[in-house]
Amino acid sequence: MRCVLNLKKLENKKVSVYQVNSNFHKGWKHLKIVIQIERSGNRGKKPYKEKVYYISSAVNEAKTLAQIIKGHWGIENQCHWVKDVIFQEDKSRIRNFQAATNFSTLKTLVINLFRSWGFVSITEGQRWLTDHWHKIFIISELFPLKSSR
Numbered sequence: 161m162r163c164v165l166n167l168k169k170l171e172n173k174k175v176s177v178y179q180v181n182s183n184f185h186k187g188w189k190h191l192k193i194v195i196q197i198e199r200s201g202n203r204g205k206k207p208y209k210e211k212v213y214y215i216s217s218a219v220n221e222a223k224t225l226a227q228i229i230k231g232h233w234g235i236e237n238q239c240h241w242v243k244d245v246i247f248q249e250d251k252s253r254i255r256n257f258q259a260a261t262n263f264s265t266l267k268t269l270v271i272n273l274f275r276s277w278g279f280v281s282i283t284e285g286q287r288w289l290t291d292h293w294h295k296i297f298i299i300s301e302l303f304p305l306k307s308s309r
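So for the sequence shown, our numbering puts the first residue at 161; every next one is plus one.
In case anyone wonders, no lab produced these hints; they're calculated from the structure. Quick reminder that beta carbons are idealized off the backbone N, C-alpha and C, glycines included. The hints are all genuine.
Capping the alpha-carbon separation at 30 Å, the derived lysine-lysine pairs in DSS-like fashion look like this:
| id | residue 1 | residue 2 |
| --- | --- | --- |
| 1 | K173 | K192 |
| 2 | K173 | K243 |
| 3 | K223 | K174 |
| 4 | K251 | K267 |
| 5 | K267 | K230 |
| 6 | K206 | K243 |
| 7 | K174 | K205 |
| 8 | K205 | K230 |
| 9 | K192 | K223 |
| 10 | K230 | K243 |
| 11 | K205 | K173 |
| 12 | K205 | K223 |
| 13 | K230 | K174 |
| 14 | K230 | K209 |
| 15 | K189 | K211 |
| 16 | K211 | K192 |
| 17 | K174 | K211 |
| 18 | K174 | K186 |
| 19 | K267 | K295 |
Restraint ranges, calculated between C-beta atoms of paired labels, are given here:
| id | residue 1 | residue 2 | range |
| --- | --- | --- | --- |
| 20 | C239 | A218 | 18 to 24 Å |
| 21 | V212 | I296 | 37 to 43 Å |
| 22 | K174 | R255 | 41 to 47 Å |
| 23 | Y178 | R275 | 36 to 42 Å |
| 24 | G187 | I296 | 44 to 50 Å |
| 25 | N181 | L302 | 55 to 61 Å |
Required output: the full structure, derived from the provided sequences and hints.
Written as structure tokens, this is what we have:
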């Protein structure tokens with residue numbers, strides 16, 4: 161078992177990779193491996209122990225797979241979590257697929273703009289924009305949109 165120190169918690173992590181028989185599941189003909197990650201540690205003062213599983217068509221070493229999975233969660237935490245929690249995307253009442261896709265794209269654009277302006281916290285970016293909305297016009301003059309006409 162390997163001990164991973166993160167800024168907020170001390171976590172024990174074990175990554176296991178299992179080869180999959182070609183007959184494991186007929187619908188997943190490219191499935192090659194199952195990855196099992198066992199984690200334990202403390203979140204605050206509460207102990208936890210969990211096992212999570214992933215599947216893959218790529219055969220790699222456990223260390224490489226752990227890095228890929230960690231990268232996936234980085235995307236989840238930096239974009240999807242912000243959309244779910246800060247922009248409350250899961251509570252959206254938009255039912256039209258195209259409209260929902262358009263609004264999701266706009267939210268991603270706003271997240272990327274705030275980050276490019278140096279905001280680590282999207283909430284802080286929202287607060288700044290509330291107090292400085294007029295600066296959007298200055299920014300749009302500095303970086304005009306290119307017209308396709």
